[in-house]
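Engineer: The residues making up each chain are set out below.
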Amino acid sequence: MTTKLRFFDCNCSVGRTGYPHLYDIPDAAGLKEEMATAGIEEALVFHTAARDAHPPLGNSLLIEEIKGCQGLYPVWVVLPHHTGEMPPPGQLLAEMKARGIRAVRMYPGRAHHSFSPADWSAGELLSALDTARIPLLLDTEIVSWEEVFSLLKSYPRFPLIMANCSYRHNRFLYPLFEKFQNLYVETSRFMGGGAIEDVVAHFGAHPLLFGTNMPQYTGTAAVALLTYADLAAQDQEAIAGGNLRRLIREMWP
Amino acid sequence: MSEYSERIHAGLPLDDLEIIDLHAHLGPYFNMHIPAGDPDSMIRIMDRCGIQKTVLSPNLGWQSDFVLANTMMLQAVKAHRGRLYGACAVNGHYPELSLDELNRCFQERYVVMIKIHPAGTKCRLDDRRMERIYDFAARRKLFILAHTWLDKDPYGNQDLFASVAKSRPDILWIMGHSGGPYGSAHAVELAREIPNIFLDIALSMCPARQIEFFVKELGAERVLFGTDNPFIDPRPQIGRVGLARISHQDRVNIFGANARRYIRFDESAVL
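Protein chains in written order, with the numbering used here: chain S, 4 to 256; chain D, 54 to 324.
For reference, chain S alone in the conformation it holds in the complex (with noise of 0.2 Å):
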């Protein structure tokens, strides 16, 4: 590989969190310093306050902590109409929409935001994001496999990514990449020995969007995993921001 790779990075945050790793790097010009140290051109970003406190306040702070920032783009955290903390799904997309949000994160769980993914409680919104092919992040780490299995079952349009999907998944994840196109997997912890390489050799480049997890974990770890992959030059560009930008294209049909 001797063409550098331009990393668009789907799994970024900005905000301050109550239990950093090491450093707190609560603001826009945190993440684009660590940016820089990795050699990461754009980022997908979502407001920590949207998930450790309440999604419309985070939504609204992120607005204003990435405005005029060049290559960060925002991410909502979205969560069921009933209660009227968030509009209705159509009232939603056209205010995601107009704000140019590239993807959503949902927190379901009675750990986290406490609404069920299921359709009695999420189908609405769900079938208006697979309407309109907006890319949703989940936490690998707070949804079950069965419920990953019944989203894409029942939503074959949106594109399902599993952020921060760890080295431990494939025994979960190879049967549903058999039977699903649209599930996709972000590959900050996805370091299992030459699991890179083997996921595209089994079902080609396109279920990987590269991710960093950044400014809690380093960009530098996730982009040497990357660069030294023994994969094709169109598979790195494609898993570094190639299939991320066909998915933003694709939005909005």
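These aren't lab readings, by the way, just hints derived from the structure by calculation.
Incorrect hints may appear among the rest.
Computed Cβ-Cβ distance ranges for the label pairs, DEER-style [claimed, not checked]:
1. S:Ser130 to D:Val305: 52 to 60 Å
2. S:His57 to D:Glu246: 53 to 61 Å
3. D:Asp69 to S:His205: 29 to 37 Å
4. S:Gly207 to D:Leu70: 34 to 42 Å
5. S:Ala39 to D:Arg181: 47 to 55 Å
For every residue, glycine included, the Cβ atom is placed at its ideal position computed from N, Cα and C.
Use these hints to put chain D onto chain S, whose structure you have.
Structural biologist: Below, chain D alone, put in the same frame as chain S:
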């Protein structure tokens, strides 16, 4: 920007310095699929990023049969002399057998360290049955690599590790994973107090600026390169050190010079 930025982004191995991986494994593991876990695959990946030497102990050494693990280790190091070196696995629940294994494995001159996994074996680091293992390490001035985690580990948490390291200043202790992703600050506190503790960087959840923090707060001379290969792919760890905002000399020390200072690697078979 790092002097290695262009090489790393071009996918070229860092071949103008020595990279020695002191924390690696080998083979399968019960609860995960490891695509490149055999010695040949490990060597191939080492070559892609410029790791010259790897010290390994097989994955099954802590939750399964450590004797079988050591046999696998010996086969691997004999098949790849000068590239793969061994860390002898021991288990405090089997003190006599552990001593037998140490004597068997250290007949092979490519075995250079001892590996302990307190959480996996459920044997505390300060278990009295470990004492003769520690005596063996002390006589030979060996590194012991011990898996550690910040908390939730009654067998090998950072504080327990530090208390044992303090009580055995005649041994070089590697704090495996430096206590995990939230353990960095405490790892440095403990290593500052206890001079025979060295920090290991192997992690999949790699905190931002951790390498810089270790260098600034402790000094690069006490930080050792490790990867967890093939449990974790070694290539990300090359990026962490190679792209970190540290000096070239600090990088040289972490990647391999520190290991060279304490381990005499037999290279008689290397052409």
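Engineer: For every hint, state whether the structure bears it out.
Structural biologist: Against the structure, the hints:
{"no.": "1", "hint": "S:Ser130 to D:Val305: 52 to 60 Å", "result": "holds, 57 Å"}
{"no.": "2", "hint": "S:His57 to D:Glu246: 53 to 61 Å", "result": "violated, 42 Å"}
{"no.": "3", "hint": "D:Asp69 to S:His205: 29 to 37 Å", "result": "holds, 36 Å"}
{"no.": "4", "hint": "S:Gly207 to D:Leu70: 34 to 42 Å", "result": "holds, 36 Å"}
{"no.": "5", "hint": "S:Ala39 to D:Arg181: 47 to 55 Å", "result": "holds, 52 Å"}
The structure does not agree with numbered hint 2 stated previously, though it agrees with all others.
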